[in-house]
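Enquirer: Given next are the chains, with one letter for each unit.
Protein chains: 2
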Amino acid sequence: MTSAAGVPGSPPAGRAKLADVAALAGVSVGTASKALSGAGRMRPETRQRVLDAVEALGFRPNQHAQSLHTGRSWTVGLMTTDGIGRFSTPVLLGAEDALGAGKISVLLCDTRGDAIREQHHLRNLMDRRVDGIIVTGRRTDPRPPLTGITGLESVPVVYALSPSTDAADTSVVTDDRGGAQLAVEHLLSTGRTRVAHVTGPEHHAAARDRARHAVGHLCAAGLSPSTGRVHFGEWSEAWGRRAADAVLRTAPDTDAFFCGNDQIARGVTDALRERGVSVPEDIAVIGYDNWDTMALASRPPLTTIDMNLAEIGRVAALQLLRAIDDADATPGVHTVPCRLVVREST
Amino acid sequence: MTSAAGVPGSPPAGRAKLADVAALAGVSVGTASKALSGAGRMRPETRQRVLDAVEALGFRPNQHAQSLHTGRSWTVGLMTTDGIGRFSTPVLLGAEDALGAGKISVLLCDTRGDAIREQHHLRNLMDRRVDGIIVTGRRTDPRPPLTGITGLESVPVVYALSPSTDAADTSVVTDDRGGAQLAVEHLLSTGRTRVAHVTGPEHHAAARDRARHAVGHLCAAGLSPSTGRVHFGEWSEAWGRRAADAVLRTAPDTDAFFCGNDQIARGVTDALRERGVSVPEDIAVIGYDNWDTMALASRPPLTTIDMNLAEIGRVAALQLLRAIDDADATPGVHTVPCRLVVREST
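One line per chain: the protein sequences are C and Z, in this order. Quick note: the first sequence, position 280, residue 280 per full-length UniProt numbering, numbers continuous. Quick note: the second sequence, position 72, residue 72 per full-length UniProt numbering, numbers continuous.
A hint or two may mislead.
Any copy, or any two copies together, can satisfy a pair, since identical chains are not distinguished.
[Said to hold, decoys possible] Pairs of lysine to any residue, SDA-like flavour, derived with a Cα cap of 20 Å:
#1 K103 with H203
#2 K17 with L57
#3 K34 with R72
#4 K34 with R47
#5 K103 with L248
#6 K103 with A205
#7 K103 with W74
#8 K17 with S154
Simulated from the structure, these hints should not be mistaken for lab results.
Using the sequences provided together with the hints, build the complete structure.
Expert: Listed below in structure tokens is the structure:
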């Protein structure tokens with residue numbers, strides 16, 4: 001099975017070479033090459049003869065040879081700083097979907113958030129003359145732009161989910177403002193007015209931003225958080241359970257919980273059920289992420305906000321393709337809207 | 001930012017070309033090329049002069065040019081049939097880790113389990129002359145080998161997690177027999193003798209194999225499942241809750257649950273807690289997968305079996321590198337052992 005692979009230079013068995021195509025078409029190898037690359041002028045009949053020969057022989061051009069004369073490698077680097085992948089995986093698959101549909105291939109690099117690995121991968125991507133790079137990570141906090149590699153300035157880079165700190169770069173991010181608004185407005189529309197907000201660590205942008213916008217939208221409706229403040233903690237069910245107890249002690253008239261992620265929301269619903277509080281009759285609960293494992297296993301299943309992570313990946317890929325073609329590339333921050341997923345918890 | 005990328009053929013700014021190296025070393029471009037590829041004979045001093053010039057100019061060879069004369073692309077295709085990625089992601093990252101450490105890059109292809117996408121990606125990988133392909137999926141059920149593309153027979157392929165149905169292929173799989181044995185022996189070692197096995201759908205190999213081996217190890221110890229049979233169902237918490245109730249109705253003296261995955265185990269612990277049965281004092285519960293979100297959020301945290309998925313990816317990558325180098329490649333099935341992770345549920 002590995003025989004041919006062991007012999008440098010030998011093409012895989014059964015592959016027609018450009019010379020075979022040229023011979024069959026009755027033209028020179030140079031003409032055949034021009035006909036395929038679309039470069040240079042030639043009579044349409046000639047080009048057609050070459051294309052017919054390609055068809056007849058099932059010839060597939062060697063990408064490496066093509067790359068040398070088009071100056072394009074038709075590859076894009078996809079760098080993730082996320083070893084775990086719960087957030088970057090859908091972004092990555094969305095990008096792969098948008099790129100892989102065409103002839104562009106995706107070079108995967110996982111930096112594990114390690115600067116040395118990032119440099120190693122970047123150097124490798126530059127050696128391969130990638131047409132562009134998409135950088136994604138697990139958090140929504142801005143990250144410093146890629147740097148430190150010669151020639152990088154001439155390669156388009158798009159940051160997905162984790163935006164670049166450089167406003168001149170192209171970043172595709174989630175809409176935490178819109179997500180918080182969808183959640184708050186949904187709760188208000190179901191007649192809730194005493195809303196508690198329980199979320200993750202205050203040093204995470206995702207927690208700070210969602211909290212700020214949640215409070216903002218409550219104020220716009222003439223309300224404020226049921227306990228007068230936001231409850232920052234961890235992205236965990238255990239924190240959700242502790243926070244639910246704390247909130248009901250200080251503000252027993254709370255009629256809704258807006259949680260910063262689905263794990264916290266699940267912890268809240270468990271704590272409420274175990275206190276004999278029924279969801280959504282007595283208290284409504286809404287989560288964030290639409291992480292099916294959490295949202296669907298929760299009792300009752302969670303109403304939640306979906307960030308459309310795969311769409312963030314797709315938009316990042318399309319922005320990168322624009323930048324590569326130099327056609328109406330639009331640097332700056334692009335925001336992908338969230339959507340409300342209504343289930344039984346509200 | 002995208003200017004140079006828009007001009008075909010123009011190398012990224014600030015890059016030294018081979019001609020610059022040759023000029024500085026005072027040799028021909030051909031000699032410089034030979035010095036770098038290690039091909040052909042030349043005086044050591046000459047080769048050294050070229051290497052010094054490379055050093056001085058920070059020259060990095062163009063991989064595409066190199067590929068044309070070495071016949072190797074130094075790229076490997078990584079195909080996943082898993083759009084969700086909970087199982088294939090760690091395998092994929094393990095492989096990327098093993099390959100990316102060297103100069104080999106990973107081309108990511110997600111087929112979404114779609115035959116047409118698989119053919120499209122395969123054709124693309126062949127056009128890029130990948131040195132080899134790793135195929136991974138979400139399930140442990142055997143899959144038909146890659147096929148239908150000219151030249152594929154000369155490219156080494158390794159199947160990870162989802163083995164090939166062709167015994168002559170190289171597959172790296174998890175050790176369900178060993179995993180079931182670890183679980184059962186751990187329960188017996190803690191004095192449990194009336195063990196119930198609750199698992200996923202019988203048409204999944206992972207459910208069937210773990211069940212068969214669990215029963216086998218119980219019999220070897222002179223025991224049998226507490227209810228006399230295996231409980232096949234879904235890979236869900238809801239099934240775990242329902243199954244726990246059913247088991248305790250028919251076999252109230254059950255003193256341990258071995259669950260086919262962590263979601264089922266979490267459902268079982270929830271059902272037991274809500275019946276006032278204490279885990280592990282009254283009944284021990286052990287899961288499978290060591291999926292931290294499930295195992296750690298469970299009350300109490302779950303003892304479970306870890307399949308070492310990243311290691312499966314690493315071993316697959318090493319097997320592929322062997323096959324590419326044609327050095328002691330060993331086709332057939334390679335099994336990666338599981339490990340027992342003890343927490344509070346046993």
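Enquirer: For every hint, state whether the structure bears it out.
Expert: Outcome of the hint check:
Taking the closest pair of Cα atoms, K103 and H203 never come within 20 Å of each other, the shortest separation being 41 Å inside a single copy and 37 Å across copies. Proximity of K17 and L57 under a CA criterion of 20 Å is satisfied intra-copy only: 9 Å inside one chain copy versus 36 Å between copies. For the homomeric pair K34 and R72, the shortest alpha-carbon distance inside one copy (16 Å) is at most 20 Å, but the shortest distance between copies (25 Å) is not. Taking the shortest alpha-carbon separations for K34 and R47, only the intra-copy value of 9 Å comes in at or below 20 Å, while the best inter-copy value is 36 Å.
When the C-alpha separation of K103 and L248 is checked against a cutoff of 20 Å, the pair qualifies neither within a copy, at 56 Å, nor between copies, at 57 Å. Proximity of K103 to A205 under the C-alpha cut-off of 20 Å is found in neither arrangement, the shortest distances being 36 Å within a copy and 36 Å between copies. For a Cα distance limit of 20 Å, the shortest separation of K103 from W74 qualifies both inside one copy, at 7 Å, and across copies, at 19 Å. In the homo-oligomer, the alpha carbons of K17 and S154 lie at most 20 Å apart only across protomers (16 Å), although the nearest pairing inside one protomer, at 33 Å, exceeds that limit.
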